[in-house]
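Novice: So the chains spell out like this:
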Amino acid sequence: MTIEPAAARDTGYNFAYLNEQTKKMIRRALLKAVAIPGYQVPFASREMPMPYGWGTGGVQVTASVLTPEDVLKVIDQGADDTTNAVSIRKFFKRTAGVATTEATAEASVIQTRHRIPEQKLTSDQILVYQVPIPEPLRFLEPRETETRKMHAFEDYGLMHVKLYEDISQHGHIATTYAYPVKVEGRYVMDPSPTPKFDNPKMDNCAALQLFGAGREKRIYALPPFTSVVSLDFEDHPFEVQAWEHPCELCGARDTYLDEVIVDDEGGRMFVCSDTDYCASRRQAVSEAAE
Amino acid sequence: MTTPLLSVSGLHKSFGRTVACDDISFDLWPGEVLGIVGESGSGKTTLLRSIAGLIEPDAGEISYYSGEGALDVHDMSEPELRRLQRTEWAFVHQHPRDGLRLNVSAGANIGERLMANDWRHYDNIRSEALKWLAAVEIDEARIDDLPRTFSGGMQQRLQIARNLITSPRLVFMDEPTGGLDVSVQARLLDLIRSLVRDLGLSAIVVTHDLAVARLLSTRLMVMKDARVIEQGLTDQVLEDPQAAYSQLLVSSVLQV
Numbered sequence: 001m002t003i004e005p006a007a008a009r010d011t012g013y014n015f016a017y018l019n020e021q022t023k024k025m026i027r028r029a030l031l032k033a034v035a036i037p038g039y040q041v042p043f044a045s046r047e048m049p050m051p052y053g054w055g056t057g058g059v060q061v062t063a064s065v066l067t068p069e070d071v072l073k074v075i076d077q078g079a080d081d082t083t084n085a086v087s088i089r090k091f092f093k094r095t096a097g098v099a100t101t102e103a104t105a106e107a108s109v110i111q112t113r114h115r116i117p118e119q120k121l122t123s124d125q126i127l128v129y130q131v132p133i134p135e136p137l138r139f140l141e142p143r144e145t146e147t148r149k150m151h152a153f154e155d156y157g158l159m160h161v162k163l164y165e166d167i168s169q170h171g172h173i174a175t176t177y178a179y180p181v182k183v184e185g186r187y188v189m190d191p192s193p194t195p196k197f198d199n200p201k202m203d204n205c206a207a208l209q210l211f212g213a214g215r216e217k218r219i220y221a222l223p224p225f226t227s228v229v230s231l232d233f234e235d236h237p238f239e240v241q242a243w244e245h246p247c248e249l250c251g252a253r254d255t256y257l258d259e260v261i262v263d264d265e266g267g268r269m270f271v272c273s274d275t276d277y278c279a280s281r282r283q284a285v286s287e288a289a290e
Numbered sequence: 291m292t293t294p295l296l297s298v299s300g301l302h303k304s305f306g307r308t309v310a311c312d313d314i315s316f317d318l319w320p321g322e323v324l325g326i327v328g329e330s331g332s333g334k335t336t337l338l339r340s341i342a343g344l345i346e347p348d349a350g351e352i353s354y355y356s357g358e359g360a361l362d363v364h365d366m367s368e369p370e371l372r373r374l375q376r377t378e379w380a381f382v383h384q385h386p387r388d389g390l391r392l393n394v395s396a397g398a399n400i401g402e403r404l405m406a407n408d409w410r411h412y413d414n415i416r417s418e419a420l421k422w423l424a425a426v427e428i429d430e431a432r433i434d435d436l437p438r439t440f441s442g443g444m445q446q447r448l449q450i451a452r453n454l455i456t457s458p459r460l461v462f463m464d465e466p467t468g469g470l471d472v473s474v475q476a477r478l479l480d481l482i483r484s485l486v487r488d489l490g491l492s493a494i495v496v497t498h499d500l501a502v503a504r505l506l507s508t509r510l511m512v513m514k515d516a517r518v519i520e521q522g523l524t525d526q527v528l529e530d531p532q533a534a535y536s537q538l539l540v541s542s543v544l545q546v
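If you read the protein sequences in the order shown, they are chains A and B.
For the record, in the first sequence the residue sitting at position 256 is 256 according to this note's numbering, with numbers rising by one throughout.
Count along the second sequence starting at 1, add 290, and that's the number in this note's numbering.
Any given hint might turn out to be false.
So the derived label-pair ranges between C-beta atoms look like this [to be verified]:
#1 B/Asp515 - A/Ser227: 55 to 63 Å
#2 B/His385 - A/Ala152: 22 to 30 Å
#3 B/Asp435 - A/Arg148: 27 to 35 Å
#4 A/Glu47 - B/Asp515: 22 to 30 Å
#5 A/Glu106 - B/Glu430: 54 to 62 Å
#6 B/Leu436 - A/Asp203: 33 to 41 Å
Calculated from the structure, these hints are not laboratory results.
From a predicted model like this one, the values you see are computed outputs, not experimental measurements.
Note that the Cβ used here is the ideal one computed from N, Cα and C, for glycine as well.
Just chain A, with the same shape it has in the complex:
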């Protein structure tokens, strides 16, 4: 995998689209979020040139942390080549002129919609999440005034009501994404649409993890090496999904798989959702064969 080098940016815009005042405001929110891991910091989210739900929060966070020397990677559902990822990558190529890559190891800033890359992140990297609904308690408590109090008072019994409901309806905790976690033994946080398969990767991660919710105007963060524990019951402990098959392309057995329908006769295959990880494994195999 190679880096697409930095190029001239569109000078009609400020560096990385947002003006400096806005970036300063967002960086302040980020600093506060890093200081209080898992706490949702309100910020003055801006209108971005893309619809809500396409990552307006993540884009604003990325714009605020990006420097001209950065190498940016954008993934959507683990893939570098899906519409959302391609358009956000192009957006920053044009407005910031930064180098971009599809290789996890080469990136210094990674914006993601769902997945955490399979490859272990390092302390030189920042992972930016696009978050649709930052409030883990929203499902059971629609009032913002009340959920804020519940966070302040550490009144989190309600979170287990949701997990209880899962077990009673499905026999096991059926929440597979946005699986609630407790950060540093204090705040309950919604990892947002990431599959619970990735929850253990958040725990004690070397990279800085930043979460931006544009429509809901919230930013939260996990500083490097923060403890992140998935909530569960004593007799129904947290576990991640497992697949019967290995990835049909690279043969990996320990990755998150997507089910892809390949024809109209019921044919389907399971492949790694992290396209870069899968491709680099296949390349390693073919190089070894030569």
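Using the hints, position chain B against chain A.
Specialist: Then chain B, alone, in the frame of chain A:
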């Protein structure tokens, strides 16, 4: 029994120019069920909500005597008050829909207080919920059904189970049988009475229905125009009402 469980003195609450509670003082003793009766708009519910810490009174003191000594209900911090509200206290609303979570199952509704009190074992929570469903005479098979599929009477019983599961010491009830038909009312009253007796609860029951007051309460307070006009043992007040309004209230009960 040397100290009361709850002591209210000089409670006053008004909404703008409307006075809802005026200089109300009383003590509630352990094991006692206090009925508050009066016509609609006389300030009963406001009084109950002030005592339970749900609204802030303008003046007056409310002291609750827990195991650790006297606590001023409106002087304690909010987390402390919330802890009290989910452990030693319970509040049964007039409309079950105010007191239930309608988008989660009956079992989750009953188990919520346990989970709020750090129960983290699913099977234990579930068996406790089943026990309480049986205690309030709801078919155990309905544990995973949503409360909205329950009848009004069942919803009210579910609300009671959800509140009593942590064995509170003090239960506030606001018209617990309001809006139910007479036969359901009778069974519910019977149920509440036996639960109160078996668990040794203290309770404050607000009602406009003298029959409810007679069945449930040991002592009665009659309110009119924001003031307590008469109080005493239930039988005494109902058999020999002193205040003119109490006499009117007692005589206006329909005799069938």
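Novice: Run through the hints listed earlier and report the numbers of any the structure violates, in increasing order.
Specialist: Hint 4 alone not satisfied by this model.
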